[in-house]
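Trainee: The whole structure should be built from the sequences, with the hints applied where relevant.
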Amino acid sequence: MTAEDHTHVRPQWDCRVCGQPWPCPEARTGLLDEYRVFPSLLKIYLTALMYDALDDLTVNGESPPNLYERFLAWARKRSR
2 MTAEDHTHVR PQWDCRVCGQ PWPCPEARTG LLDEYRVFPS LLKIYLTALM YDALDDLTVN
62 GESPPNLYER FLAWARKRSR
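Just so you know, we're using the working numbering here: the sequence shown kicks off at 2 and counts up by one.
Derived from the structure by calculation, the hints contain no laboratory data.
Ideal Cβ positions, reconstructed from N, Cα and C, are used throughout, including at glycine.
A portion of the hints provided could be inaccurate.
What the hints assert, rightly or not - Pairwise CB distance ranges, derived in the manner of DEER restraints:
# : residue 1 : residue 2 : range
1 : Q13       : F39       : 27 to 33 Å
2 : D53       : P26       : 17 to 23 Å
3 : E63       : S41       : 29 to 35 Å
4 : Q21       : K78       : 15 to 21 Å
Claimed, not checked - Computed list of lysine to aspartate or glutamate pairs in EDC-like fashion (alpha-carbon distance at most 16 Å, straight line):
# : residue 1 : residue 2
5 : K44       : D34
6 : K44       : E70
7 : K78       : D34
Mentor: Written out as structure tokens, the structure is:
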């Protein structure tokens with residue numbers, strides 16, 4: 002199993018391999034490695050995905066909890 006396999010499935014935004022909310026721990030590790038030279042690009046990429054997830058996850062009218070923590074907080078902490 003590689004980090005590349007741990008991609009999201011829309012519209013529920015779970016990992017296609019392990020079923021955890023994406024980005025799962027394996028996806029996070031892979032993304033940090035992939036963007037290690039340009040961590041600011043990782044944050045831009047994750048921000049775009051967070052807004053896609055917001056659109057998908059609010060279709061039923063409910064606001065999903067803690068999308069910032071799920072998509073961005075971990076990347077910000079680790080790239081410092």
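Trainee: Hints first: check each against the structure and report whether it holds.
Mentor: Against the structure, the hints:
1. Separated by about 29 Å at the C-beta atoms, Q13 and F39 satisfy the suggested range of 27 to 33 Å.
2. With their beta carbons about 21 Å apart, D53 and P26 fall inside the hinted range of 17 to 23 Å.
3. Between E63 and S41 the beta carbons are some 32 Å apart, a value that agrees with the proposed interval 29 to 35 Å.
4. For Q21 paired with K78, a C-beta distance near 19 Å keeps the hint of 15 to 21 Å intact.
5. For the hint pairing K44 with D34, the CA-to-CA distance comes to about 13 Å; that is within 16 Å, so the pair holds.
6. A distance of roughly 12 Å separates the Cα atoms of K44 and E70; the hinted pair therefore holds under the 16 Å criterion.
7. A hinted pair counts as satisfied when its Cα atoms are at most 16 Å apart, and K78 with D34 qualifies at roughly 14 Å.
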